[in-house]
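Undergrad: Sequence:
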Amino acid sequence: MFRAVLTSRLQAAFTAAGIALPEGFAVSVVIASDTRFGDYQSNAAMTLGKQLKTNPRALAEQIKAALQVDDLCEKITVEGPGFLNLTLSATALGQKLGVIVKDAYLGVLQVEKSQRIVVDFSAPNIAKPMHVGHIRSTFIGDCLARIARFIGHTVITDNHIGDWGTQFGMILHGWKTILDHAALEKDPIHELVRVYKNVNAQTKADEAVLTTCRSELVKLQQGDAENLDIWKRCVALSLDQLRTIYAKLDVHFDHFLGESHFNDQLAPLVENLLTSGIAEISDSATCVFFRDVPELADKPCLIRKSDGGFLYATTDLATIDHRINAWKADEIWYVVGAPQELHFRQLFQVAKKRGQTTVMRHIAFGSILGQDGKMFKTRSGESVGLLEVLDEAVERAAVVVAEREGFSDDEKAQIAQVIGTGAVKYAELSQHRMTDYKFSWDKMLALQGNTAPYLINAYVRTRSIFRKLDGEVTLTPVLTITEPAERALAIKLAQFAETTHDVLVDHRPNLLAGYLYELADTYHSFYEACNVLRAEGAVRNTRLTLCDATSRVLKTGLGLLGIQTTERM
RNA sequence: GCACCCGUAGCUCAGUGGAUAGAGCAGCCGAUUUCUAAUCGGCCGGUCGCAGGUUCGAUCCCUGCCGGGUGCGCCA
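Each residue of the first sequence is one higher than the one before, starting from 4 at the first, in my numbering.
Honestly, I wouldn't trust all of these hints.
Pairs of lysine-lysine residues, derived as PhoX-like cross-links and limited to a Cα-Cα distance of at most 25 Å, are as follows [said to hold, decoys possible]:
#, residue 1, residue 2
1, K222, K131
2, K356, K105
3, K308, K331
Cβ-Cβ distance ranges computed for the label pairs, FRET-style [what the hints assert, rightly or not]:
#, residue 1, residue 2, range
4, G155, A250, 22 to 30 Å
5, L24, N275, 47 to 55 Å
6, A20, K105, 33 to 41 Å
7, D394, P480, 45 to 53 Å
8, D394, V114, 35 to 43 Å
9, Q343, N275, 36 to 44 Å
10, P487, H346, 49 to 57 Å
11, K200, G155, 42 to 50 Å
12, D73, K53, 28 to 36 Å
These aren't lab readings, by the way, just hints derived from the structure by calculation.
In this text, a Cβ means the ideal position worked out from N, Cα and C, and glycines have one as well.
Using the sequences and the hints given, assemble the complete structure.
TA: Quick look at the structure:
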């Protein structure tokens, strides 16, 4: 990629000019902030000038003189206080595009050191429907997993479903007292939710019901055959439904290792932590204290309740053991909401005390808020169901597709499916993950502007050109780029390489979404300015190659976001 | 009380220690016998919450304040 090559050239220029770089000083080249000055820029002279207390502009001139980029750039200029601006040559761009269209990775470099990365995301609860709150973890996690795989990591996706919470006390009691078996057969989740809500309301009104629920839970945890059987049926019914949703979403997991999977390991784990001195008893509960970590000094991590029950953190610790021992994880990524930040800080600290060196990251995200600006409450209040959102999105897309001619009903349904689902995913992934946002039907399901349909439409336009071509076309590796619109498109295409890697620096899918939007925008402009099929000779060939590259980058890039494309719309 | 996140155009949101802070939506004007208009071009719209500090340069980094959200031993 150009940025990496230019960076190493710049590094060499410093050496050639005899300029010693201070310890830890990283020479950097970035994509130009203002394209009037060039395609890439380096502010190194200004940053370094400050440190060395020398004139930054003179320093920039010195570097410029030593910089060997004749094969890449047609212009190098020094501007203002010491900006070093680089403009790529049409030849270099043309060659690059020739390479990109032939490369399975479209110019994206594979990582030098491939890691085994476990991505933990989605994690819905059993016996509850997935709602809009699950959108963020599911889509962000899926996207990050796809990108990590694409650049050469070994990725293991794991859905740590909540199949063993205290909520089962209520479901068990409800199952035995108020379950409607016919309703369960028709719509399992709906009936389970009804039962749960009903019992939940009962417990609020009657203390005795709560006690009964607790004892049902204890029986389950002690292996009571009847309760265990009911629990297994709940899990099976829920998993069926979940698989349907994930298929619809085109989201795939290598494992569904829910909390229950680790039950047997919790007691020995806690014993082990006690004997090794990592954990201690405090107020009859078992805790891990972090007295050497100032910000956690008064925030111990509880791993066993005073009644002997285990907690969220206990299961997570056992899960870490499994991921390290059985899966040999180099890294574990937790795509979980920002409110759980403290939990993960504690968890990672315990792992550190245990000598576990696996890299663990909490990839946090902000909350989806209701119209009142408050968080959706999943326990008491209502939320919008995920299926409901998807169905509505597909329906809205179908309204637009219905106006089109030349499609069978099946094709129309297929197109609406791709566009509706894509719109929902893109609405999430184009947003910075830390931003809280209010759930809005209109924004989530918009079909114009900065949306998935806009990107898919750009792809459709590239495909339509190739459908209309007569005969075989040989795309030439020698592009002759002349028009500004061609040039702008070529540069954008080349920058797919930079963007894809940038996403994983801070785990931010919105960087890729933003890039693809700009690419589609650039392509739409190119499309209006440069007719492809009416052009001739080398110009036509160049434009066809640009269209081919755009087509591939859009399809691949959208694929990395988890968004499918359609050939026509 | 302490900790973390957020505050940018009417609305929803991007963005970066650098050059004139950008999109979409909404509003207005224009382009189509189309290589698919789910498109393109243009106009309108900002004291980047407030006040200091560091810097050649701060919307970005630091401190304080204001406003909103979230979390802080026996839920997950």
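Undergrad: Looking back at the numbered hints, which does the structure fail to meet, lowest number first?
TA: 2, 3 and 9
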